[in-house]
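Protein chains in written order, with the working numbering: chain A, 1 to 278; chain B, 1 to 278.
Just to be clear, a hint being listed does not mean it is correct.
Which copy? The list can't say, so a pair holds if one copy fits it or any two copies do.
Subject to a maximum C-alpha distance of 20 Å in a straight line, what follows is the list of computed EDC-like cross-link-like pairs (lysine to aspartate or glutamate) [to be verified]: (1) Lys48 / Glu10; (2) Lys6 / Asp47; (3) Lys143 / Asp13; (4) Lys193 / Glu267; (5) Lys143 / Glu61; (6) Lys143 / Glu10; (7) Lys248 / Glu153.
Simulated from the structure, these hints should not be mistaken for lab results.
Protein chains: 2
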Amino acid sequence: MLVGGKHFFENDDPYLIAKKALRVNLSDLASMGAEPLGYLLGLALPDKNFDPDQWLSPFVEGLKDDQDKYHFNLWGGDTVSTTGPITVSVTAIGQAGNTVNLTRSGANTGDDIYVSGTLGDAAAGLLVLKEKMDPIKFEYLIKRYHLPEPRIELGKALSGIATSMMDISDGLLGDISHICRHSKVGAEIKVKKIPVSIALGNLLATKADYSSLIWSGGDDYELLFTTSPDKDQVIKELSEQLAIKLTKIGKITKGKKAMILDDEGAEIKYGKRGFSHF
Amino acid sequence: MLVGGKHFFENDDPYLIAKKALRVNLSDLASMGAEPLGYLLGLALPDKNFDPDQWLSPFVEGLKDDQDKYHFNLWGGDTVSTTGPITVSVTAIGQAGNTVNLTRSGANTGDDIYVSGTLGDAAAGLLVLKEKMDPIKFEYLIKRYHLPEPRIELGKALSGIATSMMDISDGLLGDISHICRHSKVGAEIKVKKIPVSIALGNLLATKADYSSLIWSGGDDYELLFTTSPDKDQVIKELSEQLAIKLTKIGKITKGKKAMILDDEGAEIKYGKRGFSHF
Numbered sequence: 001m002l003v004g005g006k007h008f009f010e011n012d013d014p015y016l017i018a019k020k021a022l023r024v025n026l027s028d029l030a031s032m033g034a035e036p037l038g039y040l041l042g043l044a045l046p047d048k049n050f051d052p053d054q055w056l057s058p059f060v061e062g063l064k065d066d067q068d069k070y071h072f073n074l075w076g077g078d079t080v081s082t083t084g085p086i087t088v089s090v091t092a093i094g095q096a097g098n099t100v101n102l103t104r105s106g107a108n109t110g111d112d113i114y115v116s117g118t119l120g121d122a123a124a125g126l127l128v129l130k131e132k133m134d135p136i137k138f139e140y141l142i143k144r145y146h147l148p149e150p151r152i153e154l155g156k157a158l159s160g161i162a163t164s165m166m167d168i169s170d171g172l173l174g175d176i177s178h179i180c181r182h183s184k185v186g187a188e189i190k191v192k193k194i195p196v197s198i199a200l201g202n203l204l205a206t207k208a209d210y211s212s213l214i215w216s217g218g219d220d221y222e223l224l225f226t227t228s229p230d231k232d233q234v235i236k237e238l239s240e241q242l243a244i245k246l247t248k249i250g251k252i253t254k255g256k257k258a259m260i261l262d263d264e265g266a267e268i269k270y271g272k273r274g275f276s277h278f
Numbered sequence: 001m002l003v004g005g006k007h008f009f010e011n012d013d014p015y016l017i018a019k020k021a022l023r024v025n026l027s028d029l030a031s032m033g034a035e036p037l038g039y040l041l042g043l044a045l046p047d048k049n050f051d052p053d054q055w056l057s058p059f060v061e062g063l064k065d066d067q068d069k070y071h072f073n074l075w076g077g078d079t080v081s082t083t084g085p086i087t088v089s090v091t092a093i094g095q096a097g098n099t100v101n102l103t104r105s106g107a108n109t110g111d112d113i114y115v116s117g118t119l120g121d122a123a124a125g126l127l128v129l130k131e132k133m134d135p136i137k138f139e140y141l142i143k144r145y146h147l148p149e150p151r152i153e154l155g156k157a158l159s160g161i162a163t164s165m166m167d168i169s170d171g172l173l174g175d176i177s178h179i180c181r182h183s184k185v186g187a188e189i190k191v192k193k194i195p196v197s198i199a200l201g202n203l204l205a206t207k208a209d210y211s212s213l214i215w216s217g218g219d220d221y222e223l224l225f226t227t228s229p230d231k232d233q234v235i236k237e238l239s240e241q242l243a244i245k246l247t248k249i250g251k252i253t254k255g256k257k258a259m260i261l262d263d264e265g266a267e268i269k270y271g272k273r274g275f276s277h278f
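Between the sequences and the hints, there should be enough to build the whole structure, so can you do that?
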């Protein structure tokens, strides 16, 4: 459920809102290794000071483009009016095959921890927008915020390989903690191993106090997964085959706690800036 | 999608809001002859002047009671905060068997038109609340407004018998017009045949200008369906077997228009009071 003023700016391009609404749901399907089939759309539109036609036309265009891109069909839904902000509710339906292990509860002590892509970009993009930094210079980060890339092919391919998986929507540390809790294990992640984009690296070069975005920034919708240590080569091949960066960032431990470790192996305490979607 | 201030009063008992949210969706399944399986729940709760615990406790109780009653399971969902009113989005999933004809497009010229139960009660119940009439005297109507009875067993039983079907959510005239448009036929309904409850009859005895609620009042969630004329006996038996009143109210015609006819066979023009859910 995406709410205006909470999950997007009310004056955001409806074309982008539509795409993001589909993509965060497609990412949920990806994290279960599922093939997207169709979705149901609930739309609550403001009853005042709002031009539905002007808003809906680009919104529908955004839905259509991503329906085509992801072979995803609109099956039905509901449109209502509200005294509140624009509210978009998407229910995505997919079909999972061999996903017996693709939950949060299958991680084992000694497993490797991987993430796809780079982390912190989306949260940094949101900061760029909120703090009105140069939108041209940080265009890549803004795009990562508006248009997450659901890792559908990767999700499907990891079915039967990963021992646990989820998509990163709340931030790496929060999300690996979910896996630890459900799997009754701990985790140690080396901060230096966490993949960071060039664009975010450039931003952090001038704003070092934002570095916690790398592990606490949400909205990246990358896949976070664990594998048994003998899967190194398989993961490497998968990464090449799908042309998606897959980075080993840490280990599942016997403990009960997920920790981010600095270069000296000391735990980094949770950054001053906790992540909120907005 | 149910929005506070639009589809329910914001101070309505959350227990009833929960049940209604499930039931209007169960009614959608019923209208397709489907067996309810599970649902996904999106909940947007106000970020100010709102006590989530106080509200959620009876809401969850309502969900639970109707989950048990209808053997319906909560599969997942999302809870977010909003600057707007309480918004409840339910996506209901069911399994349809032999429902090749259970759409809006299968009605044929000469078919009989049936409805289940009685019509106009829910809209009258809403009026009773809005106009602060005696809530004890009209308790039945208020209950019909708060707690529609999804006709699940009837819907399943009509699979293979009805030529078209839908549930009445917008009002009889509007909904039969949907069937006519999709089936490319007309309809003639005799106002005298439309089943009216004793409670609504009592209300209309003093407030005759509300009589259009019978065909224009929504929110009844009764089933509206058509059958070939040789199904008289089958429908009669079904009615007895399920203990649900099923009333033949008119005929599908060659025309293109759905009409409500008075005792002289003249078309009743759409009442002054069009129905809105609120």
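Now for the hints, and whether the structure bears them out:
no., hint, result
1, Lys48 / Glu10, "both (14 Å within a copy, 19 Å between copies)"
2, Lys6 / Asp47, "both (19 Å within a copy, 10 Å between copies)"
3, Lys143 / Asp13, "within (12 Å within a copy, 43 Å between copies)"
4, Lys193 / Glu267, "within (14 Å within a copy, 76 Å between copies)"
5, Lys143 / Glu61, "within (18 Å within a copy, 42 Å between copies)"
6, Lys143 / Glu10, "within (17 Å within a copy, 38 Å between copies)"
7, Lys248 / Glu153, "within (19 Å within a copy, 53 Å between copies)"
Consistency with the previously given hints is maintained throughout, with no hint failing.
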